[in-house]
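Visitor: The primary structure of each chain is shown beneath.
Protein chains: 2
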Amino acid sequence: MSKKIFFQDIPKEVGKKIDLYGWVYSIRAHGKITFLDLRDHTGIVQVVVPPDGTHPTFSPEDVVHIVGTVAPRPEHLINKKIKTGTVEVQAEKSEIISHSQTPPFPLETSGYDIGEDIRLEYRYLDLRRQRMQRNILLRSSFVQEIRSYLVQKNFTEIDTPILTKSTPEGARDFIIPSRLQKGKFYALPQSPQQYKQLLMVAGFERYFQIARCFRDEAQRSDRAYGEFTQLDMEMSFVEQNDILELVEDMFTSIVKKLFPEKNIMQSPWPRIPHAEALKKYGTDKPDLRKNKKDPNELAFCWTVDFPLFTKQSQEDFFHGSGRATFAPSHHMFTSPHPDDIDLLDTDPLKVRGLQHDLVLNGFEIGGGSIRIHKPDIQQKIFDLIGFSKKQKQEFSHMLNAFTYGVPPHGGIAPGIDRALMALLGEPSVREVVPFPTSASGKTAVMNAPSEVTAEQLAELGIRIVDE
Amino acid sequence: MSKKIFFQDIPKEVGKKIDLYGWVYSIRAHGKITFLDLRDHTGIVQVVVPPDGTHPTFSPEDVVHIVGTVAPRPEHLINKKIKTGTVEVQAEKSEIISHSQTPPFPLETSGYDIGEDIRLEYRYLDLRRQRMQRNILLRSSFVQEIRSYLVQKNFTEIDTPILTKSTPEGARDFIIPSRLQKGKFYALPQSPQQYKQLLMVAGFERYFQIARCFRDEAQRSDRAYGEFTQLDMEMSFVEQNDILELVEDMFTSIVKKLFPEKNIMQSPWPRIPHAEALKKYGTDKPDLRKNKKDPNELAFCWTVDFPLFTKQSQEDFFHGSGRATFAPSHHMFTSPHPDDIDLLDTDPLKVRGLQHDLVLNGFEIGGGSIRIHKPDIQQKIFDLIGFSKKQKQEFSHMLNAFTYGVPPHGGIAPGIDRALMALLGEPSVREVVPFPTSASGKTAVMNAPSEVTAEQLAELGIRIVDE
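Protein chains in written order, with our numbering: chain A, -7 to 459; chain B, -7 to 459.
Hints may be right or wrong, so weigh each one.
Just so you know, same-sequence chains aren't split out, so a pair can sit in one copy or run between any two.
What the hints assert, rightly or not - Here are the computed lysine-lysine pairs in the DSS-like style, where the Cα-Cα straight-line distance is at most 25 Å:
1) Lys145 with Lys249
2) Lys145 with Lys4
3) Lys(-4) with Lys176
4) Lys381 with Lys248
5) Lys145 with Lys248
6) Lys(-4) with Lys342
7) Lys282 with Lys(-5)
8) Lys372 with Lys24
Read the hints as simulated data drawn from the structure, not as lab findings.
It should be emphasised that the depicted structure is a prediction, and the values quoted were computed from it without experimental measurement.
Bound conformation, chain A alone (with noise of 0.2 Å):
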C-alpha cells in the first residue's frame, strides 16, 4: 500500500496519477461511463471510469483501491460544493478492497427520520453520514481548541480517577464491587469535585481535565443516559469575576474560530441574578435569542446569585434523606456569599451561594461556583443539611486537607456534549456523542448490559437477587 493521499490535497495533483482510497459515496452511470464520487476523512473526490472492461461493478460503501491520473475540470463542470471540485480522477485501474452489503438505512441524508435504535445498532455506519462525520471532527477541533486556549493561560491538565468514591452531586451513582476488598463497592465518579479542589490544595493552581463523568439518571434530550463529559476546571486565587470573564473570553474566541456563521448576540454577556430571572423569564436558564428560528444566533448568559440552599424534599436521598430541612442548591462545597455569613444561623434560605450557571439558548451549558475554604464553614454546612455522623465521616479527608493551607479556590464545568449541541443547533446530545447508550441503557453497536459467569459473580462476592 503506498501512502495515502487526503482527498483535500487531491487538487494539488493534477497531472499526477496517484493511488486512491476510499468508499464508494454514490455511483451515476452516464452513457456507457461510471461516475464515482468517492470519500474519505477528509472530503469527496469524483472517479471517472471508462467502460473499458476491466473495472469490477462497484457498489455504494465499498472499500475501493483506484490508480488514475487528476484532471482539471472543464470550466462548466467545476462544482464549488465540494473542496476537489476543480478536478476528477480518470481511473485507470480500480479493486474493490472490501465489499459492502446494503446498509440498513441511507447514508445520504441527514438521518433525523431514522429510528434511534437501529442508528445505535449500526453506529458504524450512521457515523458515516455527512452530518455525524461533521459533528465528531468539529467535536475533536473543540476540545483541542479549549485545550490549546487554557495550556496558553498556565493551567495543567490532569487526569483524576474514575474507581473512585461515591461523590455527593445529588444523583444515582454507578457501583463496582471490588474482588480484592469483598462485599465493598467503588463508585464512578459523578464529577471530579473533590478531586480538583484537592488538586488546590496540592498546588496545582491552575487544573483543568476534559472529564467523563456517570449518573444512573434517566435520559433527556440534553443529557444521555450514563455518562457524559465535561471540560472540568478549577484556579485558585480567584474571585467569581476572573472565571466569568475567562470562559466567556474562551467561548467567544473559540467561537469566532471554529463557528464563523455564528453570532453572539450580546457582548459581555449579561449577568442576571436567579430572582431576576425567575421574575422576568420563569426559569433561571432563559433563552435570550431574539429570533429563535435562526440557527445562527448565540445567546450566552450567565445565572447568578443563586440561594445557597433550597429547602430538602423527600427524595433527596444523599444529603439528610428528606430528614433536615436544608439542601444545597449547587452543591455542598459552594462557597455562601461572604455578606451573607451570619444569615447562616439565621435565616439560611436568605444566603446567597457564590455559584454562577453558564446558560446558551436556553440550555444550562455548565454550573460552578467559589468553594468553601474555610473547615469551620464546610462543618457547618454538613449540619445545615442534615448530615449524619456517618456521612461528615464519609468527607474527613477534605476537612482535613483544608488544615493543610488551601487556597481560596473556585472553578465551573462546562459540559462539552451539551455545549456542542446547543452550538451545532442539534435536538439531542446523542447527535454529539459518538457512540451514546439508548434509553434504556442499552450500549451502541455492542448489546451491553450483559449477563456474566457465575465464576465472575463468586470471585467478587455478590449474587443476583431472583424477582
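With chain A's structure known, arrange chain B on it following the hints.
Guide: Quick look at chain B alone, frame taken from chain A:
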C-alpha cells in the same frame, strides 16, 4: 483579590509593588529579618520580612498574601538555581490566608523513602513536593505534545464509552450492575480495541484518544492497580511500517522538545524479530542501553514478527477456557502475516502475526498490530482459539460490521504512565499518576472501595454473599 501574578513573571516587575499569593516553602531567620521562600505552581520567590512588628508568625505550608516591592538582588546574592533568583520581594503587608499544621512527612525531599500508604493518604501534600509537581506538569505537557503532533497529521480525537461490554484483552474485567436491566452488567473497557476498529469502519481514518483502561489484575511497579492511561490510536489504509515510522517520529520530536537532556541511542530504532530477541537477549523487551546507570540514555526498539498464537494455558479464562490448543499472543484481532495464511490450516504455531511492541529501556511501553479486516479470517481465528458458539455471538457485531466496507487498518497503544515512568527514570508508574490506587486497590485520599447501603443493592438487584 487582585489578579494573581505568577511567580515566574516577578523578575519583570522590578520596582513595582505587587500582591503575592502562595505557600510558605521555607523560613530562615537572619538576625531579626525573616526570609521566606514562597512557592506557587510556576516557581519560588524570596520574600524579605522586616522586624517591624506588623507581620504574623509564619509556618511552613501556610497559604499567605504578601504585599511588597520587587527589588533586584545584589550581584553576589543572585540565585541562579531558581527562575526568580535575580530579585526578591520586600514585604510591606502580609497575612496568613490559611494556616497549615505540620505536614505528616517532609515535602522538601524526593519522598522516595516515605511509605507509600501515607504518601497516598495525604496525596494532596505529597503532590506539593518539587519532583511530583515536575512529573505532573510534564505529564500535562507530554499529552499536549502528543495531541498537537497527531492533530497536525490529520488525526481526530474521539472518546469511546467507559460503560461498555467485556473486551477480550485477557485480563479480568471490572463489572457494573445495571439498574435498568437487573441481573445484567456493564464492564469497564480493558482497552477501546473494538471501538477503535469500529471507528475505522465508520470512516474516521486516523483516530486517537488518551484513553482510560481498566484491568482487575495485580499491581506491579510498571502497572497500577485498576486503571491506567494509554494513547490509543488507529489508522486506515496503512501497513505496519507506516505505524512504526509515525510513532518513532512522534516520540523523537517530543523527546527533543520536552527532554532535551536525553539522548536517543540509535535512530532509526532497531526492529528486532521476536525469535531473535529471545535468542540474543533472552527477552522480548530488551534493554539496549550501553550504560544503564546513565539517566539520560534512551534506547528505543521495536519487537516484531511475534508468533500469532501461543499455547493456551489452563488460566486462559477468556478464550477457549484452557480447553483449546491456541491462544492469541497479542489479541484475537491481530492479522496473520499474509505469507503465513496457509499455515493457519497446517501449523498455526508457526504463523507470524503483524504485531509490534514498542520497547524503551527494557520496558514494553506500547503494543499494537495490523488488524484482521476479512470476516472469514476473523472467523477462522475464533475457531482456532476455541471460541464457543456463544462467544462468537458476543463478537458478531464485529463480523457484521466487516460486511459493510471495512478498510485495512492497524494501530498501537503506547501507555502514558509507563512511557513517562521510563522517560523520567522513575521506579514506579505511581510516581507519574496523580491519584494512584494502592496494591490492595484502595484509592488515594478517599477511602474506596467502601460500603454501600442496602437500598442501593436492592435497586440494583444484587446481594453480598456472606462468607
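Visitor: Each of the hints needs a verdict: does it hold here or not?
Guide: Going down the list of hints, with the structure as the test:
1. Taking CA atoms no more than 25 Å apart as the test, Lys145 paired with Lys249 passes in both settings, with 18 Å inside one copy and 20 Å between copies.
2. With identical chains, the CA atoms of Lys145 and Lys4 are at most 25 Å apart between copies only, with a shortest distance of 18 Å across copies and 38 Å within one.
3. Proximity of Lys(-4) and Lys176 under a CA criterion of 25 Å is satisfied in neither setting, with 51 Å inside one chain copy and 43 Å between copies.
4. In this assembly of identical chains, the alpha carbons of Lys381 and Lys248 never lie at most 25 Å apart, being 51 Å within a copy and 54 Å across copies at closest.
5. Taking the shortest alpha-carbon separations for Lys145 and Lys248, both the intra-copy value of 19 Å and the inter-copy value of 23 Å come in at or below 25 Å.
6. Neither within a single protomer nor between protomers do Lys(-4) and Lys342 lie at most 25 Å apart by alpha-carbon distance, with minima of 65 Å and 32 Å respectively.
7. In this homomeric assembly, Lys282 and Lys(-5) never come within 25 Å of each other (Cα to Cα): the closest approach is 51 Å inside a single copy and 35 Å across copies.
8. With identical chains, the CA atoms of Lys372 and Lys24 are never at most 25 Å apart, being 83 Å at best within one copy and 41 Å at best between copies.
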